[in-house]
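One line per chain: the protein sequences are F and Z, in this order.
Per this note's numbering, the first sequence starts with residue 102, numbered consecutively.
Per this note's numbering, the second sequence starts with residue 22, numbered consecutively.
Derived by calculation from the structure, the hints in this document are not laboratory data.
Treat the numbers as computed from the prediction; the structure is a model and nothing was measured.
For every residue, glycine included, the Cβ atom is placed at its ideal position computed from N, Cα and C.
Misleading hints may appear alongside valid ones.
Stated by the list, open to error - To give an idea of the chain Z side of the interface with chain F (calculated C-beta under 10 Å), a few residues:
(1) S29
(2) Q59
(3) K63
(4) E66
(5) F82
(6) T107
(7) K117
(8) L118
Claimed, not checked - Straight-line alpha carbon distances no greater than 20 Å define the calculated EDC-like cross-link-like pairs of lysine to aspartate or glutamate that follow:
(9) F:K142 with Z:E24
(10) Z:K63 with F:D186
(11) F:K137 with F:E185
(12) F:K141 with Z:D76
(13) F:K154 with F:E125
(14) Z:K88 with F:E125
(15) Z:K63 with F:E104
(16) Z:K63 with F:E203
(17) F:K139 with Z:E66
(18) F:K137 with Z:D99
(19) F:K141 with Z:D99
(20) F:K110 with F:D186
(21) F:K139 with Z:E26
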Amino acid sequence: DTEVTQTPKHLVMGMTNKKSLKCEQHMGHRAMYWYKQKAKKPPELMFVYSYEKLSINESVPSRFSPECPNSSLLNLHLHALQPEDSALYLCASSQDGQAGGELFFGEGSRLTVL
Amino acid sequence: QKEVEQNSGPLSVPEGAIASLNCTYSDRGSQSFFWYRQYSGKSPELIMFIYSNGDKEDGRFTAQLNKASQYVSLLIRDSQPSDSATYLCAHDGFQKLVFGTGTRLLVSP
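If we strip away everything but chain F, and leave its shape as in the complex, we get (with noise of 0.2 Å):
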C-alpha cells in the first residue's frame, strides 16, 4: 500500500470545467512535489513544495495551480485545461526537499481533458 495517496485515480473533464486533483502523504516527509507524465515520455517537474515554500516550473502555465493547506496536503487546481494537458499527473513525498532524494509516488491520477 502507497503512503502517499492521490485522488480521484481517473478525471474526465472538460475545457471550462474547475477540477482539483487532491494528494496526502502520511509519512511526515518535508517536500511534496507535483509531476506530470504523458506517454512513453519521464516524468517532469510541475510543482515543489519543500519546508513551507513552493516552488514552480516556469514553464507551468497559470492553468495549473497548487495549494498546499498543510505539510501532509498537496492539491493541484485546474482551470480551462486544453486537450494535450491529458496525461498521467503523479504526486510524490521525499524527506528532504533540499537534496533531490528518494521519491515516494502515489499511484497517480489520470486526467483527460476533452
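The hints should help you fit chain Z onto chain F, whose structure is shown.
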C-alpha cells in the same frame, strides 16, 4: 546533451536471462542515483538506489555506479515476465530528481 540518457529499447530478453540496463548522466556533481520501475499506466516504483562507486546488490537486482565514467547500470538476474516494464534512471538535482526517458524491458516466457 540530455542530462540523463537511456536507450529507449525495447530490450528483449528470455525468461531466466540477465537483463542489463544502462544509463549515462552529464552532471558530475550528482551524488545519488535511483532506478525506478514503471508498469504501463502505473506510477514509478523505486527498485534500487546507489550513492557510492561500485556494486550494490538487492535480491535479483544489482546496481553499478562509476562516477568517473558518469555511468549507472542495473542488472536483473533470472529475469521474469513480471519484470517487463519501463525502467527509469534518475539522479539527484536541486529540489528534484532528474529522470532519463526510460528503457522498456520485455521478458519473454
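Cross-check of the supplied hints:
Hint on S29 (chain Z) holds. Least Cβ distance to chain F is approximately 8 Å, under the 10 Å limit. At its closest, the beta carbon of Q59 (chain Z) sits 9 Å from a beta carbon of chain F; the interface hint therefore holds under the 10 Å criterion. The beta carbon of K63 (chain Z) is positioned within 10 Å of a beta carbon in chain F (closest approach about 7 Å), and the interface hint is therefore held. With a cut of 10 Å, the hint placing E66 (chain Z) at the interface with chain F holds, because the nearest CB-to-CB distance is about 7 Å.
With its C-beta approaching chain F no nearer than about 15 Å, F82 (chain Z) sits outside the 10 Å limit, and its interface hint is violated. With a least beta-carbon distance of about 8 Å to chain F, the hint placing T107 (chain Z) at the interface is held under the 10 Å criterion. A hinted interface residue such as K117 (chain Z) counts as satisfied when its beta carbon comes closer than 10 Å to some beta carbon of chain F; here the least separation is about 5 Å, so the hint holds. With 10 Å as the threshold, the beta carbon of L118 (chain Z) comes within range of chain F, its nearest partner Cβ sitting at about 5 Å, so the hint holds.
For the proposed pair K142 (chain F) and E24 (chain Z), the alpha carbon gap of about 14 Å is at most 20 Å, so the pair holds. Only pairs whose Cα atoms come within 20 Å are accepted, and K63 (chain Z) paired with D186 (chain F) is accepted, the gap being roughly 18 Å. Between the alpha carbons of K137 (chain F) and E185 (chain F) the distance comes to roughly 12 Å, so the proposed pair stays at or under 20 Å and holds. Between the alpha carbons of K141 (chain F) and D76 (chain Z) the distance comes to roughly 29 Å, so the proposed pair goes past 20 Å and is violated.
With a C-alpha separation of about 17 Å, the suggested pairing of K154 (chain F) with E125 (chain F) holds against the 20 Å cut-off. With a C-alpha separation of about 36 Å, the suggested pair K88 (chain Z) and E125 (chain F) falls outside the 20 Å cut-off, and the hint is violated. In summary, the hint linking K63 (chain Z) to E104 (chain F) is supported, as the alpha carbons are separated by about 15 Å, within the 20 Å threshold. Under the criterion of a C-alpha separation no larger than 20 Å, the hint pairing K63 (chain Z) with E203 (chain F) is consistent with the structure, at around 18 Å.
Annotation: proposed proximity of K139 (chain F) to E66 (chain Z) holds, straight-line Cα distance about 17 Å (limit 20 Å). Only pairs whose Cα atoms come within 20 Å are accepted, and K137 (chain F) paired with D99 (chain Z) is rejected, the gap being roughly 33 Å. Distance check on the hinted pair: K141 (chain F) and D99 (chain Z) sit about 26 Å apart at the alpha-carbon level, beyond 20 Å; violated. Restraint check for K110 (chain F) and D186 (chain F): the C-alpha separation of about 16 Å stays at or below 20 Å, so the hint holds.
With a CA separation close to 18 Å, the supplied pair K139 (chain F) and E26 (chain Z) stays within the 20 Å bound.
The structure fails hints 5, 12, 14, 18, 19 (numbered hints given earlier, in ascending order).
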